[in-house]
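Residue numbering for the sequence shown is 1 to 320, as defined by the UniProt record's numbering.
Keep in mind that the hints were calculated from the coordinates and are not lab data.
All residues carry an ideal CB built from backbone N, CA and C; glycine is no exception.
Keep in mind that the hints are not guaranteed to be accurate.
To be verified - Straight-line distance between alpha carbons at most 30 Å, and here's what the computed BS3-like set of lysine-lysine pairs gives:
#1 Lys225 x Lys214
#2 Lys28 x Lys70
#3 Lys28 x Lys84
To be verified - Pairwise CB distance ranges, derived in the manner of DEER restraints:
#4 Val107 x Gly134: 21 to 29 Å
#5 Lys28 x Val180: 16 to 24 Å
#6 Gly134 x Val21: 41 to 49 Å
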Amino acid sequence: MWKFTVRRILIMIPQIILLSVLIFIMAKMMPGDALSGLIDPNIDPETIAEQREKLGLNDPWHIQYANWVKDLFQGDLGMSFRYKMPVTELIGQRLANTVWLSLLTLVLIYAISIPLGLISGRYNDTWLDRVITGYTYIGFATPLFIFALVMLWFFGFTLGWFPTGGSVQPGVESGTFEYVMNRIYHMLLPALSMALITTVSTVQYLRNEIIDTKQKDFILTARAKGASESRIYNRHILRNSLLPIAAFFGYEITGLIGGTVFVESIFSYPGMGQLFLESIVQRDYSVATSLTLLFGIATILGALLSDIILSLVDPRIRIK
1 MWKFTVRRIL IMIPQIILLS VLIFIMAKMM PGDALSGLID PNIDPETIAE
51 QREKLGLNDP WHIQYANWVK DLFQGDLGMS FRYKMPVTEL IGQRLANTVW
101 LSLLTLVLIY AISIPLGLIS GRYNDTWLDR VITGYTYIGF ATPLFIFALV
151 MLWFFGFTLG WFPTGGSVQP GVESGTFEYV MNRIYHMLLP ALSMALITTV
201 STVQYLRNEI IDTKQKDFIL TARAKGASES RIYNRHILRN SLLPIAAFFG
251 YEITGLIGGT VFVESIFSYP GMGQLFLESI VQRDYSVATS LTLLFGIATI
301 LGALLSDIIL SLVDPRIRIK
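Full structure from sequences and hints, please.
Here is the structure:
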C-alpha cells in the first residue's frame, strides 16, 4: 500500500510541474501582463518601459517562469490590480467560503444519491426505478448553469425562500450560532443546485452496481440457503455496491471545482469560483494564473485521493 501511494505521489510531481508550465505559457499569451492595470496609461511610455524592465517583464519566458515559481514557493502570488492587495490575502478571504460550499454540496450529493441509487437498484424495472432513472436522464441533459439560473429565479426571486446573493447577512455577529445558521442558509440554494445535477452519475452508478451484484453467484447461494432478503441486501449487496462509490470521493471533489465557478457567479456567492471569472473578465493576470494553478492542483490531488481509496477497496489494482 505504501509503495503504491509513494509511486502515485511521485507521478503527481511532474504532472504539477507540467501544469504550471502550461498555465504560465497560456497566461503569457493573454492580452496584457502583470503590470497591466497597475499604472496610469497617461504616464510617459519611457517610464512604463523602465518599470517593465525593473519587474523583469522583458526577460525570456523561461526566466520569468523560474522567477514565478520561486515566488510561489515563498508564498508570493503577486498583486491584484483590481483589489490593490496581495493575491495570497485575497484568495485567503475567499477560500473558506468555497470550502464550506463544497463540503455542504458533498453532504447533499451523498444524502440524495445513495437513497435514490439503493431504491432504483433494489426495485429495478418498477415505476419507482423509472421515475428515478428519468430524473438522472434529465440531470445528464441539463447544463449546470441553466439549472442554477432556474433555481435562483424560482426559489430566490419568485418564492423568496432563499437569499439571492452574498454569503452572510450584513450585521450578523461573527462566531455566534445565528451567524453559522445564516451562512448555511446562504449556501443551501447554490449547494442544492450543484448537488441535484452532480448526483445523477452517482445514482446511475450505484443502481447498476446493485443490479449487477444481485446476479452474482454468492447472492444466489445466500438465497438458496434461505437467507432473508433484508439480510442479503444489508450484509452482501449493499456492502459490495457502496465500496466503489467511496472510491470516487476524490473525483466528486474535482467535479465540484468546475461547478463552483459557475454557481458562485450566478448566486453572487463570494468564493474562489466567482473571483476566478471576475479575474478573467477584468484581465487580472496574477489572480487568474494563481487560481488556475490552485484548481489544477486540487484536481490532481482529488484524483490521487480516489486512487488511494480505490486501492484500499480493491487491492488488485495496486502497483507491485
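For each hint, the structure was consulted:
1. Lys225 x Lys214: Holds - the C-alpha atoms of lysine 214 and lysine 225 are around 15 Å apart, at most 30 Å.
2. Lys28 x Lys70: holds (17 Å)
3. Lys28 x Lys84: Since the Cα atoms of lysine 28 and lysine 84 sit roughly 21 Å apart, the hinted pair holds (cutoff 30 Å).
4. Val107 x Gly134: 21 to 29 Å: Cβ of valine 107 to Cβ of glycine 134: about 25 Å, so the range 21 to 29 Å holds.
5. Lys28 x Val180: 16 to 24 Å: For valine 180 against lysine 28, whose Cβ atoms are near 43 Å apart, the range 16 to 24 Å is violated.
6. Gly134 x Val21: 41 to 49 Å: Holds, since glycine 134 and valine 21 (Cβ atoms, about 45 Å apart) stay within the stated range.
Checked against the numbered hints given earlier, the structure breaks only hint 5 and satisfies all the rest.
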